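First to last, the protein sequences are chains A and B.
Sequential numbering from -7 applies to the first sequence in the numbering used here.
Sequential numbering from 52 applies to the second sequence in the numbering used here.
Worth flagging that the hints you see were computed from the coordinates, not collected in a lab.
The hints are all genuine.
Going by beta-carbon spacing under 10 angstroms, a handful of chain B positions derived as facing chain A: (1) 57; (2) 331; (3) 339; (4) 350; (5) 426.
If you're wondering where the values come from, they're calculated on a predicted model, not measured in any experiment.
Ideal placement from N, C-alpha and C gives every residue a C-beta, glycine not left out.
So the chains spell out like this:
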Amino acid sequence: MDLSYSVQEQAFRQEVRSWFEANLPSDLKEKVTNYQELSKDELVRWHKILAAKGWVAPSWPVEWGGTGWNAVERSIFEEEYALAGCPMVAPFGPVMCASVLLQFGTEEQKKRFLPRIYQGEDFWCQGYSEPGSGSDLASLKTRAERHGDHYVVNGQKIWTTLGHYGDWIFALVRTDFDSSKRQEGISFLLIDMNTPGITVRPLILLDEGHEVNEVFFEDVKVPIENLVFKEGKGWTVAKYLLGHERLGTGSLGASRREIRRIQREAALTEHRGRPLLEDLRFRDRLSKVDVELTALEITHMRFLDTMRRTGNPPGAEVSMLKIKGTEIQQALTELRLQIAGPDAAPFKPLSYDGFDALLASVAPRYFNYRKTSIYAGSNEIQRNIFAKMALGL
Amino acid sequence: MNFQFSEEQQLLADSVQRLLDEQYHFDARKKIIASDEGWSPSIYAKLSELGLTALPFAESLGGFGAGALDMIPVMQALGKGLLLEPLATTLAVPAALLAHYADSGQNALAQSLITSIIEGQARVAWAHEEAKSRWDLASIRSAASKDASGQWHIKGEKRVVLHATAAQWLIVSARTGGSGLDRKGISLFLVPSNAPGLQLKTYRTYDDQRAADLVFDLKLDATALLGQAGEALEAIEAACDWAQALLCAEALGVMDEANRLTLEYLKTRKQFGMPIGSFQSLQHRMVDMMMSAEQSRSITYLACDRVDAFRAGRVSANDRSRAVAMARVKVNEAARHIGQEAIQLHGGMGMTIEMKVSHSFKRLTAISQQFGDLDHQLSRLASL
Chain A
-7 MDLSYSVQEQ AFRQEVRSWF EANLPSDLKE KVTNYQELSK DELVRWHKIL
43 AAKGWVAPSW PVEWGGTGWN AVERSIFEEE YALAGCPMVA PFGPVMCASV
93 LLQFGTEEQK KRFLPRIYQG EDFWCQGYSE PGSGSDLASL KTRAERHGDH
143 YVVNGQKIWT TLGHYGDWIF ALVRTDFDSS KRQEGISFLL IDMNTPGITV
193 RPLILLDEGH EVNEVFFEDV KVPIENLVFK EGKGWTVAKY LLGHERLGTG
243 SLGASRREIR RIQREAALTE HRGRPLLEDL RFRDRLSKVD VELTALEITH
293 MRFLDTMRRT GNPPGAEVSM LKIKGTEIQQ ALTELRLQIA GPDAAPFKPL
343 SYDGFDALLA SVAPRYFNYR KTSIYAGSNE IQRNIFAKMA LGL
Chain B
52 MNFQFSEEQQ LLADSVQRLL DEQYHFDARK KIIASDEGWS PSIYAKLSEL
102 GLTALPFAES LGGFGAGALD MIPVMQALGK GLLLEPLATT LAVPAALLAH
152 YADSGQNALA QSLITSIIEG QARVAWAHEE AKSRWDLASI RSAASKDASG
202 QWHIKGEKRV VLHATAAQWL IVSARTGGSG LDRKGISLFL VPSNAPGLQL
252 KTYRTYDDQR AADLVFDLKL DATALLGQAG EALEAIEAAC DWAQALLCAE
302 ALGVMDEANR LTLEYLKTRK QFGMPIGSFQ SLQHRMVDMM MSAEQSRSIT
352 YLACDRVDAF RAGRVSANDR SRAVAMARVK VNEAARHIGQ EAIQLHGGMG
402 MTIEMKVSHS FKRLTAISQQ FGDLDHQLSR LASL
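Given only the sequences and the hints, what does the whole structure look like? Please build it.
In structure tokens:
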């Protein structure tokens, strides 16, 4: 056992850090560190900078553009990525759709879609949840009926993150309506969002932000070559994807950046004549989150190390990364709300010169982050998975 | 970066585990608790033969030179078995202090004592905690002074000295200078447990360890002093961090076993015609217990790594203590969480003395009070 980084790994960290320092545009960094929303153009601009460097999709096989990094290098990259304040690369294309195509796609599908995903030419989104199918995803009702060389899709998806930016959507649809087992008869389709019959409608969240949407399908024609894997076997694909999704939902690097920021801000905030950081009630709350995050960083490394050693895909234990990672994210937004105290109240300026937009982002962020324990398989569903798959309950 | 234990480390832990599985099952342990000594000299001897008593000492002193990380698999096995023998206590603070003073060549007695520990003969107890110190390492009122003939006269009281009766030697702290919480002025003495003027008031702790409160008024030779008079606190802090890193590793074994027992119970105990493990509210609680143990494991690795790095001169004492305090925060939280939930999920049966899980709970409770409870560790963290 050895928890230290080798000389090569330290050099790698330095290389990554220097490259971000030199190549992350300051306007984008500014927006990220001030919690501002990025436009599609801004997201794509950063995506293309990363693509030119060859760092958009480290986990892909090298022949498709992956970096060939080992688990430790990838984790160093992710940590430095977040600490530098880089905008996220929306995971729907490079992480989610790509991992499905790499595992289940035909050669034609890979050649058609992967390079465009890599270069940021297509913006992807995910069509899983439906109004009546949240945690119980297999109850989904969106129908795809086969008519000759295409399917006709009718139904509705919900919670489609960045659907208003989407060029393409991968969707779970029902292709067999008589199957006795609900998991059977589901198929995985790739759908061009410019196809007639698709309507995207914003769903405004409690922080008044627009990130998720409803997507309606009315007689949408989808060529059969856009079916991934076998008709009726989409649930296999969906389960595979969920495993990949869980591994990436911890956001540990971003939480580390946030905790450092909280330490700085609490040191500058006065409470009863002393820095808030010295208030033991506050300090203990912060310490407990710091301890949990520090432990989770190592837990994450342990999972990566096991995967590297055994060559096995992540087991159900990775549900833990999602549960703990999101609990930490939520606790951190709450601590910032606490630091802001009464100053967190201002939200939207009406007539106010010099309005503090950064301070006004604290409460909305706290509200917004309640989503993390709900999305990507709610934390209760994650516990179900853990109990069933890892504990045999 | 590599999270795998070496084959050697794993083999040793497996041998310990096999020995305990065969000879230290629940009923055997019950008999040991009821015995006069309260621990088994024959088990101790076997563990020593396996090499456990030599583990943490440097090769130059005749040991295997194991660091805290190396010790983890063995400490887990001892925790799993809920060991009653004065082994972990000897390998904790006493081993670290003796090695520290023997290494700097300051003390021939320490060197010979190490040889005797390695051979499985000598056992040493740590007598530091006092009635009013409440885990504060500098809060020492026992007093020592040197008379004209060069003899030390030490006088005072100590609390909850684990395995004091099993030990032939005690390391006793006393003030040779300063007062209150002064960092300077604390000294360490090697005291034979049969020294005239040393009174042991013995008892069994709630987790079935043997311990004693001490009252002493002693005369000791000049050679009884470890290191320099009044300069011991830094060595004590380092030794207690080492001991706490090992204690966290031991706690992992206790937690894993409590979780294993509870999971097994959920799968076998039936109510309403089905295993109670099919109820979602219990499943989720079981998952939370497993997560507590995994988080504890991760941060224990970190604490052990920093303790070793400090010894190798790679990190400061402050960094070492921060990592240990962080590990203690998590392990103390997890010990409480897992201990309480394991009892609850076992229902009425968990309340009885007949189930191992109730003993695991008591041990976890004791561990989370040793060297400082959760609040103490949090204030320590805030001060570092």
